[in-house]
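Visitor: What follows is the residue order along each chain.
Protein chains: 2
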Amino acid sequence: MHIERHFHGGATVRDVVIGMSDGLTVPFALAAGLSGAIAQSHLVITAGLAEVAAGSIAMGLGGYLAARGEAEHYASELDRERREIKDLREREEDEVFEVFEVYGLTRAQVMPIIEAFRERPEQWADFMMRFELGLEKPEQGRALKSALVIAGSYVVGGIFPLVPYFLVGEAQRALSFSAGATLVALGVFGWAKARFTGTPRMWSAVQTVLVGGAAAAAAFALARAFS
Amino acid sequence: MHIERHFHGGATVRDVVIGMSDGLTVPFALAAGLSGAIAQSHLVITAGLAEVAAGSIAMGLGGYLAARGEAEHYASELDRERREIKDLREREEDEVFEVFEVYGLTRAQVMPIIEAFRERPEQWADFMMRFELGLEKPEQGRALKSALVIAGSYVVGGIFPLVPYFLVGEAQRALSFSAGATLVALGVFGWAKARFTGTPRMWSAVQTVLVGGAAAAAAFALARAFS
Numbered sequence: 001m002h003i004e005r006h007f008h009g010g011a012t013v014r015d016v017v018i019g020m021s022d023g024l025t026v027p028f029a030l031a032a033g034l035s036g037a038i039a040q041s042h043l044v045i046t047a048g049l050a051e052v053a054a055g056s057i058a059m060g061l062g063g064y065l066a067a068r069g070e071a072e073h074y075a076s077e078l079d080r081e082r083r084e085i086k087d088l089r090e091r092e093e094d095e096v097f098e099v100f101e102v103y104g105l106t107r108a109q110v111m112p113i114i115e116a117f118r119e120r121p122e123q124w125a126d127f128m129m130r131f132e133l134g135l136e137k138p139e140q141g142r143a144l145k146s147a148l149v150i151a152g153s154y155v156v157g158g159i160f161p162l163v164p165y166f167l168v169g170e171a172q173r174a175l176s177f178s179a180g181a182t183l184v185a186l187g188v189f190g191w192a193k194a195r196f197t198g199t200p201r202m203w204s205a206v207q208t209v210l211v212g213g214a215a216a217a218a219a220f221a222l223a224r225a226f227s
Numbered sequence: 001m002h003i004e005r006h007f008h009g010g011a012t013v014r015d016v017v018i019g020m021s022d023g024l025t026v027p028f029a030l031a032a033g034l035s036g037a038i039a040q041s042h043l044v045i046t047a048g049l050a051e052v053a054a055g056s057i058a059m060g061l062g063g064y065l066a067a068r069g070e071a072e073h074y075a076s077e078l079d080r081e082r083r084e085i086k087d088l089r090e091r092e093e094d095e096v097f098e099v100f101e102v103y104g105l106t107r108a109q110v111m112p113i114i115e116a117f118r119e120r121p122e123q124w125a126d127f128m129m130r131f132e133l134g135l136e137k138p139e140q141g142r143a144l145k146s147a148l149v150i151a152g153s154y155v156v157g158g159i160f161p162l163v164p165y166f167l168v169g170e171a172q173r174a175l176s177f178s179a180g181a182t183l184v185a186l187g188v189f190g191w192a193k194a195r196f197t198g199t200p201r202m203w204s205a206v207q208t209v210l211v212g213g214a215a216a217a218a219a220f221a222l223a224r225a226f227s
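In order, the protein sequence lines correspond to chains X and L.
So the first sequence is numbered by this note's numbering: it starts at 1 and just counts up by one.
So the second sequence is numbered by this note's numbering: it starts at 1 and just counts up by one.
Honestly, I wouldn't trust all of these hints.
Stated by the list, open to error - Not close to chain L: a few residues of chain X, all C-beta gaps over 12 Å, as computed:
#1 Asp22
#2 Leu43
#3 Ile45
#4 Leu65
#5 Arg68
#6 Lys86
#7 Val168
#8 Glu170
#9 Arg173
#10 Phe177
#11 Ala181
#12 Ala194
To be verified - To give a feel for the contact side, a few chain L residues facing chain X, derived at Cβ under 8 Å:
#13 Gly10
#14 Thr12
#15 Asp22
#16 Gly33
#17 Ala39
#18 Gln40
#19 Ala53
#20 Ala75
#21 Leu167
#22 Glu170
#23 Gln172
#24 Ser176
#25 Met202
#26 Ala205
In case anyone wonders, no lab produced these hints; they're calculated from the structure.
Just so we're clear, the structure is a prediction, and the values are computed from it rather than from any experiment.
The C-beta atom is built at its ideal place from N, Cα and C for all residues, glycine as well.
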């Protein structure tokens with residue numbers, strides 16, 4: 001859900017973290033909220049599963065289309081850079097200089113690089129993509145895998161807090177089991193994901209529990225007020 | 001919800017798009033799903049509002065903490081780069097070379113840049129942050145504003161599909177108004193956001209409607225199956 005640029009770890013781990021962050025939080029909070037307003041676990045399960053379906057599709061399909069859009073955007077910008085290098089060489093050379101100007105370099109200092117690029121139009125285009133436009137080359141076929149991993153992690157995270165409602169018919173009683181288990185799971189998840197985000201582990205665990213707890217408390221208060 | 005790197009437009013516009021993408025989709029889909037299983041609009045409203053509370057807090061507070069974590073991570077990495085430039089100058093010079101090696105440049109071609117950096121350790125560190133580590137300088141005080149804009153947009157987007165349920169007591173009848181109005185709103189939103197994502201406008205509108213429609217249909221089918 002959040003833009004995690006400072007992420008150490010593979011793309012798949014990142015997708016699991018993205019899907020599970022929301023999956024463990026929102027369906028849990030919704031179920032907790034409804035337990036404050038509805039007596040039967042049955043209705044909480046219905047709403048919880050509907051949320052898991054909606055959330056996983058919104059994240060998975062939405063993410064798939066966004067990634068496809070990014071890949072197309074990258075391809076069209078790369079095309080444009082290549083054309084500019086061919087047809088508007090002088091302007092493109094100025095643009096190389098502008099990239100380095102920010103760092104206090106003079107035209108003379110940048111000149112050897114421009115000269116090298118003249119012989120390597122392909123690498124020049126790659127360079128402009130990253131250094132002028134800030135675009136990273138998207139991994140081929142990444143969109144589908146990423147969408148499935150995010151959606152799957154959301155489903156796994158989202159079903160977990162609902163399990164007690166399947167076992168205990170009275171919603172308020174099921175809530176205590178669900179809240180206990182989910183807050184522990186959020187803590188463990190926060191602890192584990194700290195390895196990839198660079199946040200101190202204990203603080204990451206506390207944060208993750210706090211977000212889940214706050215979301216559940218707000219949902220509970222609102223559902224009770226309106227029921 | 002999705003990582004939108006290829007985004008043209010201000011940070012605030014981006015936050016509105018992020019919050020509203022999910023806000024217009026998930027609470028709508030949940031309400032639609034429950035309308036297939038529950039007769040009274042009243043319960044749909046309770047669940048919908050609980051979802052809006054949970055989702056906006058998960059996105060807002062979660063986003064706030066993630067942004068704070070990124071800012072801290074940036075500051076600590078910048079510290080490290082500065083220390084390395086001071087204490088491990090030779091290794092750091094090798095690293096500048098490695099950044100350019102990928103683009104086919106020789107050590108001799110990169111040398112003028114390394115020489116210029118020797119006199120400008122501050123700009124050298126900024127360069128390493130962006131081009132070695134791929135980290136952008138986070139805007140000061142951005143986290144709080146970003147969190148509020150995302151959460152607020154989620155609330156606005158999420159309340160919209162619930163309005164018909166306040167006005168029409170029978171859930172299935174309220175659903176037809178909600179679905180009609182929300183699918184139109186999703187289309188308009190998809191059309192409008194295309195200005196910033198680079199996707200063709202019509203295709204962006206169709207995509208946004210499709211994601212919302214698919215999420216609602218899945219939630220509806222699941223809720224009906226389990227009720």
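Visitor: Just double-check Arg68 of chain X for me: nearest Cβ-Cβ distance to chain L has to come out over 12 Å.
Guide: Violated: least Cβ distance 9 Å, not greater than 12 Å.
Visitor: With a cut-off of 8 Å, does the beta carbon of Ala205 of chain L approach a beta carbon of chain X closely enough for the hint to hold?
Guide: This interface hint is violated because 12 Å lies over the 8 Å limit.
Visitor: Is the Cβ of Glu170 of chain X more than 12 Å away from each Cβ in chain L?
Guide: Glu170 of chain X is indeed farther than 12 Å from all Cβ atoms of chain L, at 17 Å.
Visitor: Under 8 Å, Cβ to Cβ, is where Gln172 of chain L needs to be relative to chain X, so tell me if that hint holds or is violated.
Guide: Violated. Min distance 15 Å.
Visitor: With d taken as the least Cβ-Cβ distance between Lys86 of chain X and chain L, does d exceed 12 Å?
Guide: holds (18 Å)
Visitor: Does Ser176 of chain L hold up as a contact with chain X if the rule is Cβ-Cβ below 8 Å?
Guide: violated (18 Å)
Visitor: Beyond 12 Å on every Cβ pair: is that true for Ala194 of chain X relative to chain L?
Guide: Contrary to the label, Ala194 of chain X does not stay out of reach of chain L, its closest Cβ about 9 Å off (not over 12 Å).
Visitor: Could you check that no beta carbon of chain L comes within 12 Å of the beta carbon of Asp22 of chain X?
Guide: violated (6 Å)
Visitor: Would the stated hint for Met202 of chain L survive a check requiring a Cβ distance to chain X of less than 8 Å?
Guide: Violated. Min distance 14 Å.
Visitor: Would you say Phe177 of chain X is clear of chain L, with no C-beta pair closer than or equal to 12 Å?
Guide: Its Cβ never comes within 12 Å of chain L, the nearest being 19 Å, so this holds.
Visitor: Can we confirm that no CB of chain L comes within 12 Å of the CB of Val168 of chain X?
Guide: holds (16 Å)
Visitor: Regarding the hint that Ala75 of chain L lies at the interface with chain X, is the smallest CB-CB distance below 8 Å?
Guide: violated (11 Å)
In this structure, the hints that do not hold are numbers 1, 2, 3, 4, 5, 12, 13, 14, 17, 18, 20, 21, 22, 23, 24, 25, 26, in rising order.
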